[in-house]
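Spelled out from the first residue to the last, the chains are:
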Amino acid sequence: MTAAPALLELRNLACERDERYLFAQLNANFYAGQVVQILGPNGSGKTTLLRILAGVSKDFYGDIFWQSQPLKDTAWEYANDLLYLGHLPGIKKSLTPFENLRWYAAVQGGVADADLIKALAQVQLAGYENTPCYRLSAGQLRRVALARLAFSRAKVWVLDEPFTALDKSGVAELEAKLIAHAAAGGLVLVTSHQDINVPNLQLLNLLDFPVDAQLLNSHEDAAYG
Amino acid sequence: MTAAPALLELRNLACERDERYLFAQLNANFYAGQVVQILGPNGSGKTTLLRILAGVSKDFYGDIFWQSQPLKDTAWEYANDLLYLGHLPGIKKSLTPFENLRWYAAVQGGVADADLIKALAQVQLAGYENTPCYRLSAGQLRRVALARLAFSRAKVWVLDEPFTALDKSGVAELEAKLIAHAAAGGLVLVTSHQDINVPNLQLLNLLDFPVDAQLLNSHEDAAYG
Amino acid sequence: MNWQWLHRLGSPRWFYEKTNAWLPWLMVCAWGLLLVGGIWGLGFAPEDAKQRNSYRILYIHAPVAFISMSCYYIMAISGAVGLIWKMKLPFMVMKAAAPIGLGLTIVVLATGSIWGKPTWGTWWEWDARLTSYLILSFLYLGVIALQQAFQNRDTADKASAILALVGTVNIPIIYKSVDWWYTLHQPATLKIVGKSTIDPSMLYPLFVMIVGFYVFFTLVLILHTRTEILRRESRSQWVKDLVLGKSNTKGEGAES
Amino acid sequence: MANLSSFASSLFWATFKRDLILAFRHKGDMVNPLVFFLIAITMIPLALGPEKAVLMRIAPGIIWVMALLATLLSLDSLFRSDFDDGSLEQLLIAPYPLALSVFAKILVHWLATGLPLTLMAPLLGVMLSLPANAFAALCYSLLLGTAAMSLIGAVGAALTVSLRKGGVLISLIVMPLYIPILIFGASAVQTAALGEAYNMQLAVLGAGLAIALLLAPLAAAGALRVSVNA
Amino acid sequence: MANLSSFASSLFWATFKRDLILAFRHKGDMVNPLVFFLIAITMIPLALGPEKAVLMRIAPGIIWVMALLATLLSLDSLFRSDFDDGSLEQLLIAPYPLALSVFAKILVHWLATGLPLTLMAPLLGVMLSLPANAFAALCYSLLLGTAAMSLIGAVGAALTVSLRKGGVLISLIVMPLYIPILIFGASAVQTAALGEAYNMQLAVLGAGLAIALLLAPLAAAGALRVSVNA
Ligand code: HEM
Ligand SMILES: Nc1ncnc2c1ncn2[C@@H]1O[C@H](COP(=O)(O)OP(=O)(O)OP(=O)(O)O)[C@@H](O)[C@H]1O
Ligand SMILES: Nc1ncnc2c1ncn2[C@@H]1O[C@H](COP(=O)(O)OP(=O)(O)OP(=O)(O)O)[C@@H](O)[C@H]1O
Ligand SMILES: [Mg+2]
Ligand SMILES: [Mg+2]
Chain A
1 MTAAPALLEL RNLACERDER YLFAQLNANF YAGQVVQILG PNGSGKTTLL
51 RILAGVSKDF YGDIFWQSQP LKDTAWEYAN DLLYLGHLPG IKKSLTPFEN
101 LRWYAAVQGG VADADLIKAL AQVQLAGYEN TPCYRLSAGQ LRRVALARLA
151 FSRAKVWVLD EPFTALDKSG VAELEAKLIA HAAAGGLVLV TSHQDINVPN
201 LQLLNLLDFP VDAQLLNSHE DAAYG
Chain B
226 MTAAPALLEL RNLACERDER YLFAQLNANF YAGQVVQILG PNGSGKTTLL
276 RILAGVSKDF YGDIFWQSQP LKDTAWEYAN DLLYLGHLPG IKKSLTPFEN
326 LRWYAAVQGG VADADLIKAL AQVQLAGYEN TPCYRLSAGQ LRRVALARLA
376 FSRAKVWVLD EPFTALDKSG VAELEAKLIA HAAAGGLVLV TSHQDINVPN
426 LQLLNLLDFP VDAQLLNSHE DAAYG
Chain C
451 MNWQWLHRLG SPRWFYEKTN AWLPWLMVCA WGLLLVGGIW GLGFAPEDAK
501 QRNSYRILYI HAPVAFISMS CYYIMAISGA VGLIWKMKLP FMVMKAAAPI
551 GLGLTIVVLA TGSIWGKPTW GTWWEWDARL TSYLILSFLY LGVIALQQAF
601 QNRDTADKAS AILALVGTVN IPIIYKSVDW WYTLHQPATL KIVGKSTIDP
651 SMLYPLFVMI VGFYVFFTLV LILHTRTEIL RRESRSQWVK DLVLGKSNTK
701 GEGAES
Chain D
707 MANLSSFASS LFWATFKRDL ILAFRHKGDM VNPLVFFLIA ITMIPLALGP
757 EKAVLMRIAP GIIWVMALLA TLLSLDSLFR SDFDDGSLEQ LLIAPYPLAL
807 SVFAKILVHW LATGLPLTLM APLLGVMLSL PANAFAALCY SLLLGTAAMS
857 LIGAVGAALT VSLRKGGVLI SLIVMPLYIP ILIFGASAVQ TAALGEAYNM
907 QLAVLGAGLA IALLLAPLAA AGALRVSVNA
Chain E
937 MANLSSFASS LFWATFKRDL ILAFRHKGDM VNPLVFFLIA ITMIPLALGP
987 EKAVLMRIAP GIIWVMALLA TLLSLDSLFR SDFDDGSLEQ LLIAPYPLAL
1037 SVFAKILVHW LATGLPLTLM APLLGVMLSL PANAFAALCY SLLLGTAAMS
1087 LIGAVGAALT VSLRKGGVLI SLIVMPLYIP ILIFGASAVQ TAALGEAYNM
1137 QLAVLGAGLA IALLLAPLAA AGALRVSVNA
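Residue numbers (our numbering), protein chains in the order written: chain A, 1 to 225; chain B, 226 to 450; chain C, 451 to 706; chain D, 707 to 936; chain E, 937 to 1166.
If you're looking for bench data, these hints aren't it; they were derived computationally from the structure. Note that beta-carbon positions come from the ideal geometry of N, C-alpha and C, so glycine has one too. Treat the hints with care, as some may be off.
So these bits of chain E aren't anywhere near chain D, every CB distance computed over 12 Å [stated by the list, open to error]:
no.	residue
1	PHE948
2	LYS953
3	LEU1004
4	LEU1005
5	GLY1022
6	ALA1035
7	LEU1036
8	ALA1040
9	PRO1067
10	ASN1069
11	CYS1075
12	GLU1132
13	ASN1135
14	ALA1139
Which bits of chain C does chain E cover? Going by a derived footprint, with three or more residues having C-beta under 8 Å, they are [claimed, not checked]:
no.	stretch
15	480-487
16	589-598
17	617-629
Simulated coverage check for chain E against chain D, where a stretch passes if three residues somewhere in it have a Cβ under 8 Å from a Cβ of chain D [claimed, not checked]:
no.	stretch
18	982-990
19	1048-1062
Produce the entire structure from the sequences given, and follow the hints as far as they go.
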């Protein structure tokens, strides 16, 4: 473990869906400079965990700390430092790649148009800047979404299966980006069923946090007591 | 090459999207007992080719032969022998996995309910038969779609990125199924950006069929002449 | 610490166990009042000069009309409490109240039209009061439909609470505008209320019926809420004990 | 291929049953056109004023127009969800006459919207003070008319299914085709309200329905092939 | 975080511009409510018969009802596509007041449907023989009324966005809330047709719009947070 305080801390996180616990007593610290792959078989709750960490879902027990402060108190700062890329790419099919990126640039505030063009070139979409996105293939569409990484200033990247639909060279480029982000002091949380080729990759297996009968009762009591 | 005639023959296939040829002069023979992986970087036209082979899209030049007969004349026989699984899983989220499969059983004609239950168990969904599909994770949803393979009587399987969202064990199970189908005299056409672990895998790289200026002119002539 | 009592109030289990004791009393009160009022009103109150006996439907019609309105506010307020203090019980009350309210407005509309046939000679009349009740029933329908449309229970609760709240802002507006619409378009040729120079001998049974219906409504609301509690908490230990017939629930209730 | 007919009937029934289950499971979808019908009719007196003479005069026409709009609104969902999740593609490439499976879907659509609309119409007739002798005509004409509208509407739904937001475009395509139905349907009720015979109008509606039964499933199947292909 | 206000305004403008581009690119979406309005009004004389006295009497009410229905039909698309492609999630977690970006979307919705409806209404007034002195009232009342309807409708759209087929459920939720607007709007035109002053009705509509401007974006933002969370 590093000496610096954890960027993101999960304490006793537990999550219930359909009257069944996906994981429980999940304790973990994530530090600047790490790339963490979240593992688990289909249906183990990876997507659910990432949506919680991104602040999209609020349906969980336990606490999350951002730079040692409860997330509730630092929601704004956290939102400023977060980039979330879910299962859905968040790309408007009627707009061009450039127009899509321009909106994302506004979400994060102030990025020059030239940087957007550069970002598209980095994901091999030079020449497609002004093609409407409904004309792109599955992999090209994902590349548009991934172009956001190039101009993001967020410290934490939360990526749900970003390698889906990417070809070999696309995978290698994305891996390089993750490495660079970690080296620059960022944190990457990523799920994937493929092996990720990143030195010093941290693994978090959701199967390590099974449900314990005692804990269930304590939640029931907290809820009904 | 085998002595037996090809199951599926592509002759001079060419496909144009957005005033740009994706591939041209694509000639290939597919034989019973083969597993063929279609390769190509993002946007090279794999999905487009599979949709043509499945009969969903009719927007192409060239000819396709099914058991040495033009596809036009044998469309009905071909449809009986075809199982196509596209990017979209074709699963109704409000129905349960069992109800979904029952409909697919009717599409193909006469499958006993017990076989459907068995098919679901084979994809590790035993116990989820009566859970509505909107409660399933991305990988579980894909497994429901893949359960069709277990009771299919089709000779030709056309699968577009079937490994998406599957975990390691899911990938291994699917590979075993592809091998078994080929061994039983079937033909599998599959796209994937991951390596497929199947002995005797045939590869078809779309980049091997680039466009040739002369050809373009001949199509123009055919179209406008 | 100050909020302790509130959270106690918010505990479904506490509610379930407390209301156990109330139920018989409410039941006795409700049936007693309704019987007395009903027999008095239907059997002994004098016949109306103009409307003959048909006016007696008033003894159901008017009390239910009053309650179906208060029911909306109960629903909206419990929704608001649930949203603000993030408690479970109020949402259950809200969910239980919606169908009851819809049922009540339907009873008002039905008894009203049955009454309308002999008095006005038609089943339906676009009177301001009737119209606003029709709209009220739509508001209930909306809340119920939204509640049922969501798969996720929390989402369903919060979404329908928001809708109920938005509706509350609108109810006075709707009433005002419908009233205004009616007076603008038509000089009142018939009036439902207003000529309330009603004979006291007709009025006393009406009061009894109104109180009786309120108690009855409370009873039904509690019963619905209790069913909802059992449905939602079916996994928790105390409900399992309850269903399996373990008799120690009372002791535990006192501890917690 | 052995016993084609039993195989054939099986996908028809499977689709019919599946869609019926879906209609019941999304109870909202079945009830919603009804509620739309109810609320739209309620708005009429609110907008026009409660004068009985006016309402009586316009009741037949307005009820018919609103039934038509309610049907229109429900059309978009006919093929949309099958398209979105890919099962429409599967229906298209199945070795089975597409027109038959499309017909199963239309049948369910009518059972879930047209039939309940017809059953509810008398209630709304009461609210708009429809004359007593027009109620039978209202029910008969709507029974025939809604069935024809489900069938014709399916063609419009099929044509627009691959467009991202076809919702209102359907109206544009389908409304002109609905106009003859509307004219004869409303006129049947109007004539009945005046106490005259309305057999002719019903006969025309019935003939329209027969033609639609023959042609619409085929046309919708063709439209689906064209619009999904793209 | 340095200059919050300029940053703040930038996502508002970006969303506004993006949605405006989208509205223009899907020209169909902009034109469709108009076409619906046009065809629905055209159907009225077909269903009722062409008697001028009747049409004149009902014109103000019918035009208002149909404008309301056209607005309702267009509501479903307000947040739907953002939800389907995931950009709504991004808006939700952005470090930016959600109510403001929601307001930008509502503004575009009104520019793309309410405003054109208002501009087209006089044409339909001519078709239904609306008295000449009611045209100004029709335009003013629709201008205020459609804006209020876009705002209130956004709350309904936000509540139903995550439901697979919210389309008609919105009508159920939103219509009761539209009824006061309808009453005052239709009455303004009716009063004007009789040659009387209609300031009061316009004042009420204006007040309603003001309240909706204050509350609706907040309520819609809250509704989005709740309904997308699932
Ligand atoms: C706010 C809701 C309502 C309340 C508080 C209410 C209350 C009453 C009361 C107290 C009377 C008797 C007063 C009298 O004799 O003049 C009455 C009469 C009546 N009500 Fe209601 N009512 C309501 C809604 C309705 C509705 C929704 C309908 C119809 C569907 C309806 C139909 C009638 C009829 C037909 C009469 C008798 C009319 C008459 O005597 O002229 N009422 N109502
Ligand atoms: N509907 C369409 N209209 C026009 N062009 C299209 C359309 N669909 C796809 N294309 C173009 O065809 C090309 C091939 O698309 P396709 O989806 O077949 O690629 P793919 O090989 O499956 O790629 P991926 O690996 O990303 O899935 C893309 O470059 C795309 O721009
Ligand atoms: N909306 C929901 N309602 C109820 N249960 C749900 C819901 N979404 C997911 N689940 C359940 O939660 C479990 C975890 O789902 P999640 O999508 O987080 O899995 P995952 O680890 O991302 O799986 P995959 O590798 O397949 O993407 C699944 O078993 C699923 O049944
Ligand atoms: Mg997942
Ligand atoms: Mg592809």
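Comparing the hints with the structure gives:
The beta carbon of PHE948/E is kept farther than 12 Å from every beta carbon of chain D, the shortest such distance being approximately 24 Å. The beta carbon of LYS953/E sits about 20 Å from the closest Cβ of chain D, which is more than 12 Å, so the claim that it is off the interface holds. Against the 12 Å criterion, LEU1004/E falls within the reach of chain D, whose nearest CB is about 7 Å from its own CB. Residue placement check: LEU1005/E does not keep its beta carbon more than 12 Å from all beta carbons of chain D (closest about 7 Å).
The beta carbon of GLY1022/E is kept farther than 12 Å from every beta carbon of chain D, the shortest such distance being approximately 15 Å. For ALA1035/E, the shortest C-beta to C-beta distance to chain D comes to about 25 Å, beyond the 12 Å cut-off, and the non-interface label holds. The claim that LEU1036/E is not at the interface with chain D holds, since no C-beta of that chain comes within 12 Å of its own (minimum 25 Å). With a least CB separation of 19 Å from chain D, ALA1040/E remains clear of the 12 Å interface cut-off, as annotated.
Look at PRO1067/E: its CB is around 15 Å from the nearest CB on chain D, clear of 12 Å, so calling it non-interface holds up. In this structure ASN1069/E is separated from chain D by more than 12 Å, as the shortest Cβ-Cβ distance comes to about 18 Å. Distance check on CYS1075/E: its Cβ is at least 17 Å (rounded) from any Cβ of chain D, clearing the 12 Å threshold; non-interface status holds. No beta-carbon of chain D is positioned within 12 Å of the beta-carbon of GLU1132/E; the least distance is around 14 Å.
Every CB of chain D is more than 12 Å from the CB of ASN1135/E (nearest about 20 Å), matching its label as outside the interface. For ALA1139/E, the requirement that its beta carbon stay farther than 12 Å from each beta carbon of chain D is met, with the minimum near 19 Å. Counting residues of the stretch 480-487 of chain C whose beta carbon lies closer than 8 Å to any beta carbon of chain E gives 0, which falls short of the minimum of three for the stated coverage. Counting residues of the stretch 589-598 of chain C whose CB lies closer than 8 Å to any CB of chain E gives 5, so the stated coverage by that chain holds, three being the minimum.
Counting residues of the stretch 617-629 of chain C whose CB lies closer than 8 Å to any CB of chain E gives 8, so the stated coverage by that chain holds, three being the minimum. Three residues within the 8 Å Cβ limit are the bar, and the stretch 982-990 of chain E against chain D gives 5, so the coverage statement holds. Look at the stretch 1048-1062 of chain E against chain D: 0 of its residues bring a Cβ nearer than 8 Å to a Cβ of that chain, fewer than three, so the hint is violated.
Violation of the numbered hints given earlier is confined to hints 3, 4, 15 and 19; the remaining hints are satisfied by the structure.
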